[in-house]
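Read off the chains here:
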Amino acid sequence: MTTNATPTQAAPVRRRGIEAARARQAIWLLLPTLIAIAVVAGYPLYRTFFFSLYEANLTTPGERTFLGLGNFWFTTEEGVPLGFLQDPKWWTAVKNTLLFTVVSVFLETVFGMIIALVVNSAFKGRAFLRTAMLVPWAIPTVVSAQMWAYMYNDSFGLVGRGILGGQALLADVDSAIWAMIAVDVWKTTSFMALLILAGLQSLPSDMYEAADMDGASKWTQFWRMTLPLLRPALLVALVFRSLDALRVFDIMYVMLGANTASSTSMTGYARQALIDNSLLGLGSAVAVAIFLIIMVIVVIYVTAFRVKFD
Amino acid sequence: MKKALAIVGLTATLGAASQGSAVTLTLACGTVGQELQLCKDGAARWAKKTGNTVNIFESPNLTNDRLGLYQQQLAARSSDIDVYQLDVIWPGLLSQHFVDLKGKIPAAEVNAHFKGIVDANTVNGKLVSMPWFTDAGLLYYRTDLLRKYGYSAPPKTWAQLATMAKKIQDGERGANSTFAGYVWQGKNYEGLTCNALEWVSSFGGGTIVDGTGRITVNNTKMAAALDAAASWIRTISPAGVTTYGEEEARGIFQSGNAAFMRNWPYAWALGQSADSKVKGKIGVAPLPAGPGGKPAATLGGWNLGVSSYSKNQAAAVDLVRYLTSPAEQKIRAIEGTYNPTIQALYKDQAILKANPFFGSLLSVFTNAVPRPSAPTRGKYNQVSQAFSTAVSDVLNGKSKGQAAVAKLSTDLARIKGRGF
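These protein sequence lines are chains A and B, in that order.
Be aware that the first sequence starts at 1240, since it is given in the numbering used here, and climbs by one per residue.
Be aware that the second sequence starts at 40, since it is given in the numbering used here, and climbs by one per residue.
The set of hints was computed from the structure by calculation and includes no laboratory data.
Check the hints yourself; a few may be wrong.
What the hints assert, rightly or not - Here are the simulated DSS-like cross-link-like pairs (lysine-lysine), alpha carbons at most 27 angstroms apart as the crow flies: (1) B/439 / A/1328; (2) B/369 / B/260; (3) B/437 / A/1334; (4) A/1328 / B/455; (5) B/369 / B/154; (6) A/1334 / B/439; (7) B/446 / A/1334; (8) B/369 / B/187.
Chain A with its partners taken away, still in its complex shape (with noise of 0.2 angstroms):
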């Protein structure tokens, strides 16, 4: 139909100029992908939002009744708190995956950053070794996540019998998300690296060569002209590896169980209240507040540091 439709309408357009034309085009063009968008990404959207609003069962969506914002906070008349907002467990939880949000950024953009400088430098067998640092993150997470768990196991894995000689690290959240964090970095250091690796890659040789002659260290060549030109890629990188861990879910729900990765990930608190609970109007409540942290926090970065993404 769009085929049909544009050569017709670009007919009487083209006096105009042929810039208008390609706008016009440009729409009838997007236009499959705008509804593509609004199905798969707007509609279900809608929803999370509408039902946020409700007191509704997963069973049964069609039995709802309106609450307002009770599924965030809510007080009966007998003092009972009902509203997610006032579950400690849901603060614990927000705690949990900003520390984990913060430790394993941090450590995955120095160690991506040390990695990207070395593969980036020319040695023999370079390019071996820039596919061989993705086979981490080439594993599906789940398939990683399973496999650290037995590794942690304190009576069989390597870590936990092994180097800790027997201690359960999984078994108390506290450790665990210790743990988590060094799956974290583990799985996704390469990750890091690829993107600041791209960053370097695009930053002139000759200048460095100027800088050889001017006398300057490799420090300070670091420091005053690598750091500063990589900035605009480093933020990407950040922005996107934040969201990642913001919205954690497969390690923790796989290496924890339901109920632990509940108090441990937003997204796990998410799914029980959802799916376990079958609370379908505090589970899209829950689910809105993560869309609206994730989205403050990218608001923030990208104001503060002027990140550009183009």
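Got chain A sorted already, so can you dock chain B onto it with the hints?
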């Protein structure tokens, strides 16, 4: 005329053919221990007998994961799965999505099953699912090790268990550094609710929520039971016991690395199988009692229900009827120690020969303590999560029994809200 007759004839044959033609059903089976194989075998026997086909859907191992998956299927009114294997705590939660089997399966056949289990499957007069096998927590012990350390009988109280497990563990550690006295299910999931309910009930601490929906957790006996369990960790149970489910505990016991284990009956057949390191060295007893209390076992068990969204309901009902029949339950009891739900089978000589403890522990199975799924209805899952999380906090040393039950009481009030 001739033509018309031919058409009528053709339609008749087609109709007959479609009525007798084979259908394809999908059966969702559990995958713990031998469950999957036995489920496949049973379905294959029915398929062979009726000429239909049965596809097996492999469900996740942990019951919580299974429920999540099923709820999504049922909420979407999916016809992908015809027959579901349902946990004994689910009928209240899922009843509206299942066919009423009352009247579809003869009353005499239904009444042959334990009344308590049939009742648990009946919601507002609707028979949601048919009992398939029943479960109750049991204490497994190593007969050879008890003898070696001078004990003639399994422990009767938790305190005795702790003493015996400690002595055996200390003795065995010399040769085997990973040896544990007692293993059980301490991971924060439904299995921990079952384990903890046994401790609490045997200490006389009630059943979390009573029959009328009143929250009864804030009592000293429950607190004492949780403190006692916490004292086992790192003394007779490995630190990692708080990450174990059924299969992790069984793995340790069956490889000869534990003196005692709490588990369901299915572990017996696997422990006695040819590749088991403890074959011929296992004893089974009721779980120990708390101070001044009686031993308690949590009622478990699985049932089969027909989805309302199934396209072949008649055939699906027939499959359920076949799989829950005495003949099938007998095969499952002999091959996999799955407890029959039919009283008469507990006198069957072939079954008693394969599972010598069935006869003597019949009272454990018939008097098992139900989890409070009936009074808490659709909120059972939340109640169970809050309970197992409170228990988990005590086990991990984050909280003491008394503080944990006080907090649990508030949490449960919050979940109850305007009522269960």
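The hints, checked one at a time:
Restraint check: the Cα-Cα separation between residue 439 of chain B and residue 1328 of chain A comes to about 18 angstroms, which is no more than 27 angstroms; the hinted pair holds. The straight-line distance between the Cα atoms of residue 369 of chain B and residue 260 of chain B is roughly 40 angstroms, outside the 27 angstroms bound, and the hint therefore fails. Proximity of residue 437 of chain B to residue 1334 of chain A is assessed by CA-CA distance (about 17 angstroms); at most 27 angstroms being required, the pair is judged to hold. The suggested pairing of residue 1328 of chain A with residue 455 of chain B holds, with an alpha-carbon distance near 17 angstroms, which does not exceed 27 angstroms.
With a C-alpha separation of about 19 angstroms, the suggested pairing of residue 369 of chain B with residue 154 of chain B holds against the 27 angstroms cut-off. At roughly 23 angstroms between alpha-carbon atoms, residue 1334 of chain A and residue 439 of chain B fall within 27 angstroms of each other, so this suggested pair holds. Using a Cα cut-off of 27 angstroms, the hinted pair residue 446 of chain B and residue 1334 of chain A holds, with the two alpha carbons roughly 20 angstroms apart. The suggested pairing of residue 369 of chain B with residue 187 of chain B is violated, with an alpha-carbon distance near 36 angstroms, which exceeds 27 angstroms.
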